[in-house]
Every structure is written in structure tokens, then in C-alpha cells.
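Chains as they are written, first to last, in this note's numbering: chain L, 23 to 357; chain B, 354 to 553.
Certain hints may be false.
[Stated by the list, open to error] Distance ranges between label pairs, derived from CB positions:
# : chain 1 : residue 1 : chain 2 : residue 2 : range
1 : L       : Ala100    : B       : Lys396    : 23 to 33 Å
2 : B       : Arg525    : L       : Pro87     : 26 to 36 Å
3 : L       : Pro87     : B       : Thr378    : 17 to 27 Å
4 : B       : Gln421    : L       : Lys109    : 16 to 26 Å
5 : B       : Gln421    : L       : Gln26     : 53 to 63 Å
No lab work stands behind these hints: they were computed from the structure.
By construction, the Cβ of each residue, glycine as well, lies at the ideal position given by its N, Cα and C atoms.
Read off the chains here:
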Amino acid sequence: MQEQKYHNYSTEDFLNDPAFIRSVRYGEELEFWEEFEKGAAQNSAYQTAKKELAFIYTAKRIDLPAGFEAGILADIDASIDRQERKKSSVRKLYIAISSAAAILALFGISLWLFNATVTIQTAYGEKKTVTLPDGSQVVLNANSSIDYPMLWTLTKKRSVQLKGEAYFKVVHLNHDPKNISAADRFRVSTAHLRIEVLGTEFNVKDRNQQSKVVLSNGSVQVASVNSGNSFILKPSQMAIETPNERLKVVQTNIASERAWIEGNMFMQKTTVREILQELEDVYGQRVKLSDPKMADVTIDGSVSFKSKESVLFVLSNILQTRMVKEGDTVLMMSK
Amino acid sequence: MLKAYGEPSNLWLDFTRGNRKSFTTIYNTHVARLFEYGMRILKDEDQTRDCIHDLFTKLWANRKTLGQTDNERLYLLGALRNTIMTYKAREDRFLKAELKPDDFIIEFNAESVHIQNDEAMAQSQKIRMALEQLTGRQKEIIYLKYFEEMDYEQISELMNISVKGAYKLSARALEALKVILDVDAAMVLLMLFQYKSQIF
Chain L
23 MQEQKYHNYS TEDFLNDPAF IRSVRYGEEL EFWEEFEKGA AQNSAYQTAK KELAFIYTAK
83 RIDLPAGFEA GILADIDASI DRQERKKSSV RKLYIAISSA AAILALFGIS LWLFNATVTI
143 QTAYGEKKTV TLPDGSQVVL NANSSIDYPM LWTLTKKRSV QLKGEAYFKV VHLNHDPKNI
203 SAADRFRVST AHLRIEVLGT EFNVKDRNQQ SKVVLSNGSV QVASVNSGNS FILKPSQMAI
263 ETPNERLKVV QTNIASERAW IEGNMFMQKT TVREILQELE DVYGQRVKLS DPKMADVTID
323 GSVSFKSKES VLFVLSNILQ TRMVKEGDTV LMMSK
Chain B
354 MLKAYGEPSN LWLDFTRGNR KSFTTIYNTH VARLFEYGMR ILKDEDQTRD CIHDLFTKLW
414 ANRKTLGQTD NERLYLLGAL RNTIMTYKAR EDRFLKAELK PDDFIIEFNA ESVHIQNDEA
474 MAQSQKIRMA LEQLTGRQKE IIYLKYFEEM DYEQISELMN ISVKGAYKLS ARALEALKVI
534 LDVDAAMVLL MLFQYKSQIF
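Using the sequences provided together with the hints, build the complete structure.
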């Protein structure tokens, strides 16, 4: 201990000096301080500090009451145990709820995924060619739509829903005719028909309660949803169902059935009514005839369906009418 | 919370990792000091008990996110002080909790300088009156400095004041005490004798 520095100490310095404090409090280094005291009997700063600190240490201490230490500890332990129990049951509940939610979400997402569909549709006067995930091609006529499963490749289900009219070129996947798997089949459903093929080209049309399937090549199975009737078609055959007639098979001309792809309509004793229906289906154009008998007139030949104006022009000429626009509708009046 | 200075002890680390035995050891080591400090602020055994109970249950509940400390006593005294301030703020809901002049009790033994003559009686009276002038914060800093033997930095942290402020507060408290003790040397000696006879 350096005695020297203490000679210039003020009372406050002494009161801030840890060694001095310990000497007064615990009697540490008593010899040093007794020595110092002898040499500094008249050091009033030291005397005052010593007096003051001694006074401070007269303060009465507060002791722990008997039993207090163990008493609070028991309380603390009880509280902590209660807390932990609560926490663990809350945690268990939380885990239960979150796993239930996770499972539900997973279930919901898979349900949605497996039911999710891709929809492709065409507006009036619009045609689209769509390549499906398996490479099959669909030419979609105007005012039509197809739906197919989003997870087509995962579910291995080739299945298309059709509204309107489309021409299908289905890729043949089956290599062993004796062993046909579910993935080899290609299904088209309309509101009225279920069509199943392996790999062919065919036209399907389901409009105005009339449904028909025409086969270009290969073979298709067509079943009626309403009657349950089913047929296997050969090329150039058509399966047709109308509100008045159950599904039946008739011979037809493929070229005329698929003429729409090139934007034409072939007519063989086709009534004006049928042409106007096609015009409405494809272009959304309604036509009124001043004389209802005109609807029964039959026409042979070919009409360009590339624009509604060309169809209207040809019809008007054949029927010898003049056309008046009435809002969205065209009125054909006898000259 | 109080900041850490160095490496926390293994005991403290074990406690923060969930060792209940270490937790109990920490409690047993410090409960007496915490009780004294709490009693000096609250002056009520039940309230002090509640606050210590709150402090330790919260320490356990928050052990994973507690600050580390190399000075458990400082940390715990600070945490208890905060607990008490929160407790007091809850008691009188609209007042910001702060120590009021009579909020920290420390009873110096004025009677120890008592001797059987009139002059001493007068002195004793003078001391009593002067002591009442000390503020709660002045009494607290005297307690922390000389009984908990904390340095100004620790005190400033604990009392939430600047180091400079702690210096000033301590100087003012000591100045007040010096005035009280403006007594003759003989009395000091007697006082010292009596004080030592108390502890030895």
C-alpha cells in the first residue's frame, strides 16, 4: 500500500477509496492504517471520513426472518411447476391444433390440385388449336371450351370435357392391343356423350341438345349418358343423339363434318334453319326471317364460313331478301 | 436489463439452460441480500416476499432469453428493483414509480452516539433531524456503495442514472452526513467503539 497518496486525500476521496472502506468496515490492513493514523493525527480529512463512514456502518441491517428463505422457495417452486404444466399442456394443444390445420390444408390443397382443371375457350368467330400434355391435338371451334385436369401427367388420366365443337387428333399410346391400361384410354365427355378412344381422329359436336361424333379413322366407343346406349364407330360413321331420338349410328361424309376446320360449310339438302343455327353458334349472330317458310328451303353446295358477312350475303342472295339490322339481330325481308 | 461485463459463471449458464438445481443455488445465495434491499424500499415483509417470488418465477420462465451476467448479485438486485418499481406502479396506477424521500429506509444508529449528558442529547436530536433530510435516493446510494460495495458504474446501472449523476448524488449524501457528524472527536471514538462492539 502506498501511504503517500493518502496524505493529499480529501474526505470525499477517502470515502470513495475501497481500501479505506474495507479497513473501516472489516478492519482490513489494520497495521497499515494504524501506522498512517500516527503520522496523520491532525489529518482532519481522514478523521472526518473515518467518523462519517463509521456512522454509516451503524445502520441496522435487516435480516431474513426465520423460515423465510425456505418459505419463498417453496412458493416459487410451486408457481414454476404450475407454469410449466400449463405451458406444456398449452404446447400440446398448440401442436395438436397446428398439425390438424396442416393436415387439413394439405388435404385441401391436394383435393384442389387433383380437381383443378385447365380451361381453354374460344370466343365467337375464334378458332384455336391446342396441344394437350400427352401430345394429342384439339382444334377448338368458335364458342366452345375444353377442360382437362391440371395434373394430367401425374394422374395418367387422359380426359377432356367439351362444350361446343372440336376435332381431336389423339396420340396412340397403347402398344399391346391385348393389354390396354387406363392410361392408354382417352376420354371425351360432353353433356350428353361419353367417348372413349385409344388413338384416332374424330369430330365431336354437342350444341343445342344435339350431340354427334364423327370418326375419321381408327375406332371410337360412344355411349349416351341418358340412355346408356353405346356403339363402336367405324370410319365415316356418325353417332348422333337428339332430344327426339336416342343415340344411333348413321353413315356420313367426313369431309362435310370437318369442313369447319377450313372455315367452310358443306351442304347436302341442308335447310336454311340449320345454316342459321350454325351461324348463331359460331358467330353469335341471330337472324330473323320475314317469312318463316324460308327456313325450310334446302341448299346444296359450299358456303364460306370465314366471316359472318359472307354467310349472310350468300343466304340473302339465295333467299332473295334484303337485310335490315335490328340491334343485334339481322332481319331478312322478302323483296 | 443490466448489461454484462464478462463471462457468465457456469452456475448462471446452467440455470439459463434449464438446470433447476443451479436456479435454487442462485436463489439461496442471494435471497438474504435481495430481501434486505427489497425491505429498505418497500418496508413491508409481505410485499417484499411477493416481489422476490415474482422475480424468481419470471427469471425461470424467461431463462432462455435472459441477458448473461458475470455479476449475479448486481443483476438480481437490478431485476428486483425493476420488479418493485413495476409493483409500485401497479399499486398507485397513475403515478410513475420513483423513489420518494421516505421510500428508502436506512436507520443509522443515532443512539450509539448517545451518552448521558445534555450536549450529547442535543447532538442526537440534531442527527435525527438531519437524517430525515436525506432523500430516498441518497439513502439508497449510501446503501449500495457501502453495504453492497458497488462502484459508481454499477450503481448508475442499477439506479438507472448516469455515472456522473451517481457521483453527484453520493457526494451530496455524504455532505449531508458530514454536517450531521460535526461532532467532537471524543464522540467519534466512542461511536467507533460501540460500532465495533456490535459486529465483533
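Status of each hint after checking the structure:
no. : hint                              : verdict
1   : L:Ala100 <-> B:Lys396: 23 to 33 Å : 26 Å, holds
2   : B:Arg525 <-> L:Pro87: 26 to 36 Å  : 34 Å, holds
3   : L:Pro87 <-> B:Thr378: 17 to 27 Å  : 21 Å, holds
4   : B:Gln421 <-> L:Lys109: 16 to 26 Å : 23 Å, holds
5   : B:Gln421 <-> L:Gln26: 53 to 63 Å  : 41 Å, violated
In terms of the numbered hints stated before, the structure departs from hint 5 and from no other.
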